[in-house]
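Under numbering that gives the first Met the number 0, the letters of the sequence shown match residues 0 to 319, in that order.
It cannot be assumed that every hint is accurate.
[To be verified] Subject to a maximum C-alpha distance of 20 Å in a straight line, what follows is the list of computed EDC-like cross-link-like pairs (lysine to aspartate or glutamate):
hint	residue 1	residue 2
1	Lys80	Glu106
2	Lys307	Glu295
3	Lys214	Glu97
These are calculated hints, taken from the structure and not from any lab test.
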Amino acid sequence: MSVINNANPGSHIPSLHFIDRLVNRHFSKKNKSEEHLPLTAILSSNMPDYLFIDEECDAQGEFKRSTNPEKKLRETLFFWKETGLWQQNEEGIKAWSEFSCDDNLGERITQTLFKEKLDIVDGTGIEPLLRGMALFLCLDSFTFAGGNFFKSTEIETIVGKYLPPRSGNDTRLTINSSETATFANYGLLLGFLEQVTKDTLVVDPTRLIRPAVIKILKNSDAASEMPVEEFLIQLRGILPVIDGGAYRCTIEELIRSKVKDWKSLPEHELSASLSQALYRLNIEGLIFLVPKSDAEKTMQLNLPGNKKRPVSHIRFGVEK
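Construct the entire structure; sequences and hints are all you get.
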């Protein structure tokens, strides 16, 4: 059952934030508790009855009990526990690190989702979220370079334009109106999207790739400049939805099956989404994008204003 459908387990982001904070607080740097937090403690101690009292009364004049909040918290807990977001044993759950916090929730979710190979075409759980996000990373028109922003209510139409209705195994590939809001909110949480105005979004994976970029370059020789081709190979291994990644290539094949004249970028060019993210990290000073005229391999960044920027090597800057 798709995580982006607001009726399904795992779709309620406020409950996810709430539970994650409880788990992180339990394993804080002050406590460094080795004990797992019992699931019964999460459910019983944090779901007082007054939260479930509806504003409407029944025929006897008693306030009705709303089961939806209780259901969402329980479903969210078990969905993300089984997905592996937290350590678990028979006693309960526990944060993977004392440094787990609100600021890195999106990063931790992404690491969890990409830890194992998923069926990006026919999967119906977390896969529709990643399938849709990989699609938007392909669409240069919805980046700052493309200049087109979009509303969450338009996601259904955009996805329907580029993906076929069904896979060869009859899995629904489109996103319907009951899924667009959750899809957009997960896109913001995980760093695939950014909010431009109250109602509009843009594709910008800067926050998505930032932790992976740090990991790759920190593991390399700090004084050296990594060839861009080697860097991209490692980045694809961590984030298979970016240019040349396994999931990305699969989604591009699906697009071509629906839009016959759609073409991937030449091998020497990066998508506008990845170009934008790398360029922003360069401006930030986290990385330096180095062009060398004598380099064996040079890639072109596609930037706003139809500007191209060559890069052959990437060097680690200063982590902010």
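| What hints, given by number in increasing order, does this structure fail? | none
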